[in-house]
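Asker: Single-letter residue listing:
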Amino acid sequence: MLPTKEEFYEALVERHGRKNQEKFSKATVAICGLGGLGSNIAICLARAGVGKLILIDYDKVDVTNLHRQQYKANQVGMLKTYAMMENLMEINPYLQAEAYSIILNENNLQDILKEADIVCEAFDDARYKAMLVNEVLEKFGEKYILSSSGMAGFGSANLITTKKLSGRFYLCGDGVSDVEDGIGLVASRVMVCAAQEAHMVLRILMGECEP
Amino acid sequence: MLQVNGKEYAGVGKTVGNVVIEMNFDIRTIAVELNEEIVSKADYDSTTLKEGDVLEIVSFVGGG
Numbered sequence: 000m001l002p003t004k005e006e007f008y009e010a011l012v013e014r015h016g017r018k019n020q021e022k023f024s025k026a027t028v029a030i031c032g033l034g035g036l037g038s039n040i041a042i043c044l045a046r047a048g049v050g051k052l053i054l055i056d057y058d059k060v061d062v063t064n065l066h067r068q069q070y071k072a073n074q075v076g077m078l079k080t081y082a083m084m085e086n087l088m089e090i091n092p093y094l095q096a097e098a099y100s101i102i103l104n105e106n107n108l109q110d111i112l113k114e115a116d117i118v119c120e121a122f123d124d125a126r127y128k129a130m131l132v133n134e135v136l137e138k139f140g141e142k143y144i145l146s147s148s149g150m151a152g153f154g155s156a157n158l159i160t161t162k163k164l165s166g167r168f169y170l171c172g173d174g175v176s177d178v179e180d181g182i183g184l185v186a187s188r189v190m191v192c193a194a195q196e197a198h199m200v201l202r203i204l205m206g207e208c209e210p
Numbered sequence: 000m001l002q003v004n005g006k007e008y009a010g011v012g013k014t015v016g017n018v019v020i021e022m023n024f025d026i027r028t029i030a031v032e033l034n035e036e037i038v039s040k041a042d043y044d045s046t047t048l049k050e051g052d053v054l055e056i057v058s059f060v061g062g063g
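So the sequence lines, in the order shown, correspond to chains A and B.
Under numbering that gives the first Met the number 0, the first residue of the first sequence is numbered 0, with each subsequent residue one higher.
Under numbering that gives the first Met the number 0, the first residue of the second sequence is numbered 0, with each subsequent residue one higher.
Heads up, some of the hints might be wrong.
Covered stretches of chain B (chain A as the covering partner; in silico rule of three or more C-beta atoms under 8 Å from a C-beta of chain A) [to be verified]: (1) 7-20; (2) 53-62.
Simulated DEER-style distance windows between Cβ atoms [as the list claims (entries may be wrong)]: (3) E114/A / V53/B: 30 to 36 Å; (4) E7/B / T160/A: 22 to 28 Å; (5) K6/B / N107/A: 34 to 40 Å; (6) E50/B / A186/A: 18 to 24 Å.
None of these hints come from the bench; they were simulated from the model.
Just so it is clear, the structure is predicted and the values come from calculations on it, not from any experiment.
Note that beta-carbon positions come from the ideal geometry of N, C-alpha and C, so glycine has one too.
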């Protein structure tokens with residue numbers, strides 16, 4: 000038996016407090032990229048009862064994703080947006096979500112991200128990370144952007160931090176561990192970084208703007 | 000003097016674009032904030048740095 004919407008909500012209130020939960024439930028958060036970072040961020044925020052998620056990824060689930068991304072073996076070959084919607088609805092059937100199976104770029108992002116209060120950058124390519132951060136800070140005066148840089152390899156998870164770089168721009172990661180150096184991505188370390196982004200989202204929504 | 004990524008830097012009178020090149024950043028993978036305001040890539044070469052300016056050049060690495 001699924002919990003009712005009211006039961007689900009009251010359970011969140013019990014854990015987070017009513018004031019906080021009201022803020023989470025009213026918020027819209029965009030997650031740009033649904034790989035190791037984005038799939039974990041989406042699940043954290045869906046569990047926390049964030050009201051609406053905007054999910055963006057053009058790619059399909061591949062067998063090489065399963066070691067760190069929140070998909071299942073039977074979802075290989077599915078669009079990540081579709082697979083993630085399926086998984087999120089199993090976790091929180093009362094979540095509102097919209098999904099875009101496209102490549103986010105300078106031409107389409109203004110329209111797709113317009114409703115979001117907070118944008119999570121969760122791409123893997125450094126050029127796309129830079130593009131999104133630049134575009135959000137330039138085009139949207141009021142939105143927060145949270146980004147990640149440096150979470151590859153087996154290095155200490157304690158090196159991953161959240162920094163506030165300016166009023167609306169936060170950066171998670173260790174800043175240096177580059178997947179291009181051939182060190183690979185490991186579920187646990189990527190999840191630490193994803194959790195830091197997701198946690199900062201909740202803190203901002205609560206009105207706690209320091210990392 | 001100005002501050003670039005938390006360190007003193009002799010760059011007064013230079014443009015943002017000059018500093019990006021001097022410090023060997025890849026323009027495709029950075030975001031630059033001057034005194035906590037984003038600098039559009041189109042403005043790198045026309046933004047001249049003044050005494051006391053604080054420049055933050057974020058260089059992204061891959062992985063996610």
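Asker: Please verify the coverage claim for the segment 7-20 of chain B: does it have three or more residues whose C-beta sits within 8 Å of some C-beta in chain A?
Answerer: violated (count 0)
Asker: Evaluate the given range 18 to 24 Å for the C-beta pair formed by E50/B and A186/A.
Answerer: violated (48 Å)
Asker: Taking the beta carbons of K6/B and N107/A, is their distance inside 34 to 40 Å?
Answerer: holds (38 Å)
Asker: E7/B and T160/A, beta-carbon distance inside 22 to 28 Å?
Answerer: holds (24 Å)
Asker: Using the C-beta atoms of E114/A and V53/B, is the stated range 30 to 36 Å upheld?
Answerer: holds (33 Å)
Asker: Check, residue by residue, whether the segment 53-62 of chain B contains three or more positions whose beta-carbon lies closer than 8 Å to a beta-carbon of chain A, and give the verdict.
Answerer: holds (count 7)
Taken one by one, the earlier hints fail for this structure at numbers 1 and 6, listed in ascending order.
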